[in-house]
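Chemist: Letter by letter, the chains look like this.
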Amino acid sequence: MLDKPSGIIIDDDTDLVDITSMFLETNGVEIRGKGYNGCDADKLYQQVKPDFVLLDMKMPHYDGEYAIKKIKEQDPNAKIFVVTGYTDHEFSANEVIEVFTKPCNLKQLIKSVKTSLVN
Amino acid sequence: MSGHVPRILDGLGKETVFRELYENSPDLYRTIDLNGKIILCNHSYAKSLGYTIHEIKNNHTIYDHVSKNSIKILKDTFEEWKNTGNVSNIELWLKRKDNTEFPVLLSVNSIYNISGKVIGSNTVIRDISDMYSAKDEIDFLKIQRFSVLGQLSARIAHDVRNPLAIISNALQILTIQNNSELEKHNPLFTKMEKAVMRITHQVNDVLDYVRPRPLNIKSHSLLDILCQTVESIKESKGIVINIPKNDVNLYCDATKLEILFVNLILNSIQSMSSKGIINIRIIEQTSSVVIDIEDNGPGIPDDLKIKIFEPLFTTKQTGTGLGLASCKTIVDSHHGTISLTSTVEKGTTFSIEIPKNLVELVKTD
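Top to bottom, those sequences are chains U and Z. Letter by letter, the first sequence follows residues 1 to 119 of this note's numbering. Letter by letter, the second sequence follows residues 1001 to 1365 of this note's numbering.
Note that these hints are calculated values from the structure, not bench results. Some hints could be false.
If the Cβ cut is set under 10 Å, some of the chain Z residues that face chain U in the computed set are [stated by the list, open to error]:
no., residue
1, 1039
2, 1149
3, 1168
4, 1191
5, 1194
6, 1218
7, 1221
8, 1228
9, 1232
The C-beta atom is built at its ideal place from N, Cα and C for all residues, glycine as well.
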């Protein structure tokens, strides 16, 4: 059986970060950090080494694209899930595991996370 | 022209007046025989086409001066003139000596010999390049407006989706808690979830039509996508949705296909009001997969069938009128086809066909 998966959540909407992490924590996921831009994402990933990242794309200053680039530099196998309102970024094959559009089905999200960690 | 020359022109003679009119008119005049040979033309005509009158006269036919794309129109027009003796305001493109082209309106009148036999025609041609550049300008402004609209929609969608996600996530937390106090309110939660879903689809419809995001192609179980779609719709009283028993793995954009299926299924549900059956079928073919969505609703009358994929077309009181238009955009982006068969009072079936080799097709885009 898999250990409790751990993740970080990055989104510039603080309420959304709180409420999403509340759902994940009540569903057997450990949230190791919350961040609000691409720079936070990069730093948090380095500090807490999570199993996966939930990442918004459109954020002020350092956006999701920046975060993907920096995190992949640290760890090419990083498991990134994009949860976004809108993006016209074209993801290349190994960049992210899956792209969800807000509002998304959180049970489905957890299922995808768990599947990706088993593989 | 009945042939009367006003007194003021006395002394000039009828012929002089008419010759003046022909030779120095700002419009382009040419006279041809029954074979289409140009036997006479005016200064404007020769100048516009980049020749001298001498070069053209008795040397060129009308086909020497037409652009390649307009040859067929000219042939048809020539035939029409021979049959009816009269043609007016035909739009086509002429070709200059230097091979550049310009748009014109062309009108033809027969000329007769003394015994009343048709011997050729006078053609009046008007250069409409200015009208075309005005049209181009309007088109350009439209495109510009459309792009502003696209950017605005993307911003609104982003800004609306965040609060929607907060409401939706909060509801998902409330509904999974084992609390009898909360369970009492489940019908309320369902209504709220449905409302969130409605706004979400409105936003998706507009955005997917105005600013389609690039495809994110991966191999997916079609049945999984269908199940998720049906689950997201929540139950509708009196409507039975039959999901297929077979499954196919298909390269596609799952989020986009979900939007497609939701639109089609919601349309069916809304058309059937309170009672009905929706059958979904997956049919695997050699090089493609067909998904049928069949309902036993009121059907679509023939005169509306051709219109339903047009943007903003709707018969409903609510909705953007973009649902089926964005369905078509989604299917097109998957290199597929969408069609419908419908019988009034029996029901409607939408068929979507998606090729299995989408990955290769997209590479060559």
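Chemist: Confirm or reject each hint.
Modeler: The hints, checked one at a time:
1. Interface hint at residue 1039/Z: violated, since its Cβ lies 61 Å from the closest Cβ of chain U, which is beyond the 10 Å cut-off.
2. With a cut of 10 Å, the hint placing residue 1149/Z at the interface with chain U is violated, because the nearest CB-to-CB distance is about 14 Å.
3. Residue-level restraint check for residue 1168/Z holds (minimum Cβ-Cβ distance to chain U is 4 Å; threshold 10 Å).
4. Taken as an interface hint, residue 1191/Z does not check out: its beta carbon lies about 16 Å from the nearest beta carbon of chain U, beyond 10 Å.
5. Interface hint at residue 1194/Z: violated, since its Cβ lies 13 Å from the closest Cβ of chain U, which is beyond the 10 Å cut-off.
6. For residue 1218/Z, the shortest C-beta to C-beta distance to chain U is roughly 8 Å, which falls under 10 Å, so the interface hint holds.
7. Given hint, residue 1221/Z at the interface with chain U, is violated; its Cβ is 12 Å from that chain's nearest Cβ, farther than 10 Å.
8. Interface restraint check: residue 1228/Z against chain U, minimum CB-CB distance 7 Å, threshold 10 Å, status holds.
9. Given hint, residue 1232/Z at the interface with chain U, holds; its Cβ is 7 Å from that chain's nearest Cβ, closer than 10 Å.
In terms of the numbered hints stated before, the structure departs from hints 1, 2, 4, 5 and 7, listed from lowest to highest.
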